[in-house]
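*Asks:* Which chain is which? The protein sequence lines are V and F, in order. In my numbering, each residue carries its 1-based index in the first sequence increased by 1. In my numbering, each residue carries its 1-based index in the second sequence increased by 1.
To be clear, the hints were calculated from the coordinates, so they are not data collected in a lab. Among the clues, some could well be false.
Intra- or inter-copy, both count: the list cannot distinguish identical chains.
Once the Cα atoms are required to be at most 30 Å apart in a straight line, the calculated DSSO-like pairs of lysine-lysine come out as [stated by the list, open to error]:
1) K218 with K119
2) K119 with K220
3) K119 with K61
4) K322 with K119
5) K61 with K174
6) K322 with K53
7) K220 with K61
8) K218 with K44
9) K61 with K44
10) K44 with K220
11) K53 with K218
12) K53 with K119
13) K44 with K174
14) K53 with K174
15) K44 with K119
16) K220 with K53
2 protein chains.
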Amino acid sequence: MAVITVLGAGVMGTALTYPIADNGNDVRLVGTHLDDDIIQSCKDQRIHPRLKRRIHDDVKPFFYHEIADAMPETEIIVLGVNSRGVHWAAEALAPYLRPGHIVMMVTKGMESENDELKILPDVLRDHLPVGIRDQIDYAAIGGPSIAGELAARNHTSVVFVSRNPNILPGLQKLFATSYYHVWSSTDLIGVEVCVALKNPIALAVGLAAGLLERQTKEKGPDVANAHMYNYAAALFAQGLAETAYIVNLMGGRPETVFSLPGAGDLYVTTQGGRNSRMGRLLGMGLPYSDAVEEMYGETIEGVDATVAIMPAIQHMIDSGKISADALPLLHTLHRILTRNAPVDFDFDTFFASLSMFNPPVTRT
Amino acid sequence: MAVITVLGAGVMGTALTYPIADNGNDVRLVGTHLDDDIIQSCKDQRIHPRLKRRIHDDVKPFFYHEIADAMPETEIIVLGVNSRGVHWAAEALAPYLRPGHIVMMVTKGMESENDELKILPDVLRDHLPVGIRDQIDYAAIGGPSIAGELAARNHTSVVFVSRNPNILPGLQKLFATSYYHVWSSTDLIGVEVCVALKNPIALAVGLAAGLLERQTKEKGPDVANAHMYNYAAALFAQGLAETAYIVNLMGGRPETVFSLPGAGDLYVTTQGGRNSRMGRLLGMGLPYSDAVEEMYGETIEGVDATVAIMPAIQHMIDSGKISADALPLLHTLHRILTRNAPVDFDFDTFFASLSMFNPPVTRT
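Pulled out of the complex, with its shape left as it was, chain V reads as follows (with noise of 0.2 Å):
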């Protein structure tokens, strides 16, 4: 067992404190400066407000000014900010940070820097004291996990993922229940371009749903009631191809795009949640800049994970590093959220990246 700290009380922060805390691990939940409401109601009523559930009974929560009183002894962090607040957790993990120490994160994503991908266990290493930086591990979780389901004990199975092979089977360990299923890999670049394209690709995927009220609205309903689940299915597919291409070009595998931490964690984040709303809103017809005011003060990752990465992205197509072909669905989608360009896309330019697919023939 453990001293374990759970740096952010969002919900997936906190919902990995259910099975290590289950696993009896001594467990800390430290609020950012942003989570005091949160830490407030775990502390005086033990329930998680987002979470809309008692917090477990050996979990011990702390403001983020008690930072200090948490971490003795800690020798695994949980890093559980959002992706914005990677730059912000660096500066207020270095003080405590020591040789031997793992850091996991539950943050997810990339970002473009100096014109390149990077993602997100790179950009907190980099932004560590020169120090401490290489004295210690980087662990992160891919794959499908919604909060709410985990806090539940309800089954969940996800990957655990560090370059240092040597940490993953003490994490499982620490880790796993009956209830949490946790396999581990090594390919980090795999996982983190994953869970950083999947609610992109969800937002994608949910804008099917909006076409199909929209041309309901216009044309009255179809005879059938037929849906637009093939529309979803190609954006789908597309996805993870567009996916696979981008891990590839990173020198990651395959095999995490087609397993849980792309196929897997891209079906759960297509069945609801703040991205499907965004793309429903943009498919009915909704301008970008009118989809946002509707969904005030919402964070909506998918928006921000596109803006974040498709800078890079291109700047590599400008530079001859990548093809322009190979992702039409990532182009069309930023076209939408930073031009409030309609929802069209050309089907016929989609799989371009995939070797064994002939295109469509040049109808006349």
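Knowing the structure of chain V, use the given hints to seat chain F on it.
*Replies:* Just chain F, lined up with the frame of chain V:
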């Protein structure tokens, strides 16, 4: 343009007549002996009763007893019978086949034959007369294609597949429209395995919704209404892994599994339909024998496919050709469907066929 005769007036065969008739082909729709009521309705009112939609103005419907009138000048035969009808179709077509004909199979799946798995195009071929079976070409269609959506001319993206690459561009030209997007591939094995397995896997994914209902009934609603999408997603990902395992075993290509024919079609198939409904009933705790009565008279393709392929799989395990550990989803599903076994997956046995994943640690 070509003369194209569709044999089998079910929803999928009939749906295909829309793009090919839109393209100006001469399209003849021949019902089987079981389709007389459908053809009667098509002749009398131009309405397909199961598609609940007008058939295309230019499609000519024929009763099965009129097949001799439909076949002259036919260049391409689209086989739209269900998977149980392939042996029958071989007999029905035999008198009319001429060298150079293309048989395009909408009928999908695999059978166990002499303890080996055999894809349906090969089953059809082997049941045709020796004189003609090697004088014609075989093709098939893979990918997410709900019939009612194609008939509504909603965007649909598929892969045409044949061992003979020379016939594919011509087929693409005859079938593709502004809403029917057609890639091509020579991986006939990969596509057929994907379409055979998507129904069993979708049935398994559907179990999660039933399990949730059962849990809610037994324990009351979860305090935060947690769903079981993580559960479903693990089955989705494991289903793809088992598909990839069998595709690889039979000499197909993994790219097929991870794009339109595999992941894309599985996505569509999990979004509703009879397999999902059967999964829900079983997940709710009904033994298979009771669930079948609940859905009396409905063909559940996921059940048929599981029962059709598992004898060969078991034989291959017994003879050491494949690993007993590679297919835990299909094995558990087979026990549920044939022995009234309860729904109880051992998640920690999943992903054993993926070399990059290290398995869960043994729990104490």
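*Asks:* Would you mind marking each hint as holding or not holding in the structure?
*Replies:* Now the hints, each set against the structure:
{"no.": "1", "hint": "K218 with K119", "in the structure": "neither (43 Å within a copy, 47 Å between copies)"}
{"no.": "2", "hint": "K119 with K220", "in the structure": "neither (45 Å within a copy, 45 Å between copies)"}
{"no.": "3", "hint": "K119 with K61", "in the structure": "neither (34 Å within a copy, 58 Å between copies)"}
{"no.": "4", "hint": "K322 with K119", "in the structure": "within (15 Å within a copy, 43 Å between copies)"}
{"no.": "5", "hint": "K61 with K174", "in the structure": "within (21 Å within a copy, 66 Å between copies)"}
{"no.": "6", "hint": "K322 with K53", "in the structure": "neither (47 Å within a copy, 50 Å between copies)"}
{"no.": "7", "hint": "K220 with K61", "in the structure": "between (57 Å within a copy, 28 Å between copies)"}
{"no.": "8", "hint": "K218 with K44", "in the structure": "neither (49 Å within a copy, 32 Å between copies)"}
{"no.": "9", "hint": "K61 with K44", "in the structure": "within (8 Å within a copy, 74 Å between copies)"}
{"no.": "10", "hint": "K44 with K220", "in the structure": "between (54 Å within a copy, 28 Å between copies)"}
{"no.": "11", "hint": "K53 with K218", "in the structure": "between (36 Å within a copy, 20 Å between copies)"}
{"no.": "12", "hint": "K53 with K119", "in the structure": "neither (34 Å within a copy, 51 Å between copies)"}
{"no.": "13", "hint": "K44 with K174", "in the structure": "within (29 Å within a copy, 67 Å between copies)"}
{"no.": "14", "hint": "K53 with K174", "in the structure": "within (28 Å within a copy, 55 Å between copies)"}
{"no.": "15", "hint": "K44 with K119", "in the structure": "neither (37 Å within a copy, 62 Å between copies)"}
{"no.": "16", "hint": "K220 with K53", "in the structure": "between (41 Å within a copy, 18 Å between copies)"}
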